[in-house]
Amino acid sequence: MEKAQKAFALGIVITIGAFLILTVNSIEPFGTFPLRQIGGETENSVGQLYLENAPQQTGAANVVTSIVWGYRGYDTLGESTVLFTAVVGVMMVFRILRRNE
Amino acid sequence: MAGMTVIVRTASRLLFPFIFLFGVYVVFHGHLTPGGGFPGGVIIAASVVMLILAYGIERAQERVSFLSAEVLDTIGSATIAIIGLLGILLGTFFLQNVFSLGELGRLFSGGNFLPLYIGVGVKVAGGILLIFYAMLFASWGEKK
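So the sequences go chain by chain: A and B.
All the letters of the first sequence, read from the start, carry residue numbers 1 to 101 under our numbering.
All the letters of the second sequence, read from the start, carry residue numbers 102 to 245 under our numbering.
If you are wondering where the hints come from, they were derived from the structure by calculation, not from laboratory data.
Each hint can be trusted.
Between beta-carbon pairs, the in silico distance windows are: (1) A:Ala-9 <-> B:Pro-216: 50 to 56 Å; (2) B:Gly-203 <-> A:Asp-75: 21 to 27 Å; (3) B:Phe-117 <-> A:Gly-47: 36 to 42 Å; (4) B:Phe-117 <-> A:Lys-6: 52 to 58 Å; (5) B:Glu-159 <-> A:Met-92: 21 to 27 Å; (6) A:Pro-29 <-> B:Phe-195: 39 to 45 Å; (7) B:Gln-197 <-> A:Val-93: 33 to 39 Å; (8) B:Leu-186 <-> A:Ile-12: 48 to 54 Å.
Covered by chain A, per the in silico footprint, the following chain B stretches (three or more residues, Cβ under 8 Å): (9) 128-134; (10) 178-186; (11) 191-204; (12) 213-225; (13) 229-238.
None of the values given here were measured: they were computed from a predicted structure.
Don't be surprised by glycine CBs; every beta carbon is placed ideally from N, CA and C.
Work the whole structure out from these sequences, hints included.
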C-alpha cells in the first residue's frame, strides 16, 4: 500500500516537472515583451501599451502606480478591503481566545 | 510587558523619527518612485512596533492607543471610499481621476493618486498595528 502511494506520488512529481521544463523552453528571452496572439495575428502586448501611454494619460511618473490606481482602481480597492477583512478576522479570533482563557 | 535595556531604548528612540519619516516619504512619493501606500504603511507600523518592543506596551499605548489604531484604520478606508465617490458626484465614474494631472514628476501630479495613497498608508499602518496589538493583548491579557 505504502509503496503504491510512493510510486503514485513520484509519478505526479515527474509529470509536473516535465511540464515545467517544457514550459521553460517556450518563455521569451529576458528583456523582450511577450506578443499577444489574436486569431492568426500577433501584436504588441498590453504591457507595451501601458508603458508608452501611462505617463501622459495618468500623470504619474511611476507606471506601477498608474496601473494600480489608474487602470486597475477597483482591483486595488478590493485589495485594501482584503486587508480590512484580515484585520477584522484576526481581532475576532483573538477576542474569542481571550474569552476562553 | 517590561521594556528592554537602556541601550535598546536609546537606539530605538533615536531611530524612531527616521524610520517614521522614511515611511511617510514612501507613502507620499508612491506615484513618483517605487513604493506606495502598502509598503509605506507597513514601515510606519514597524517603527511603532519597535517602540512597543523597546519601551513596553504601557508607554507605547500612551502614544498610539488601541482605539486610535482602530480609528486610523477606519479613516483610511473612508478616505479611499470618499475619493472614489467624488468621481460619481462630479458626474464621471467611481475612482475616476477628477483632479488636474499636474506636471509629470512633481509631488502634486497624478490627480487623485496622492490622496488615495495617503488613505492606503494610514489604513495599512492602523491595520498592521491593530493585528500586533490584538496578538499582544491575547498573550498578555491586559486590555485597556
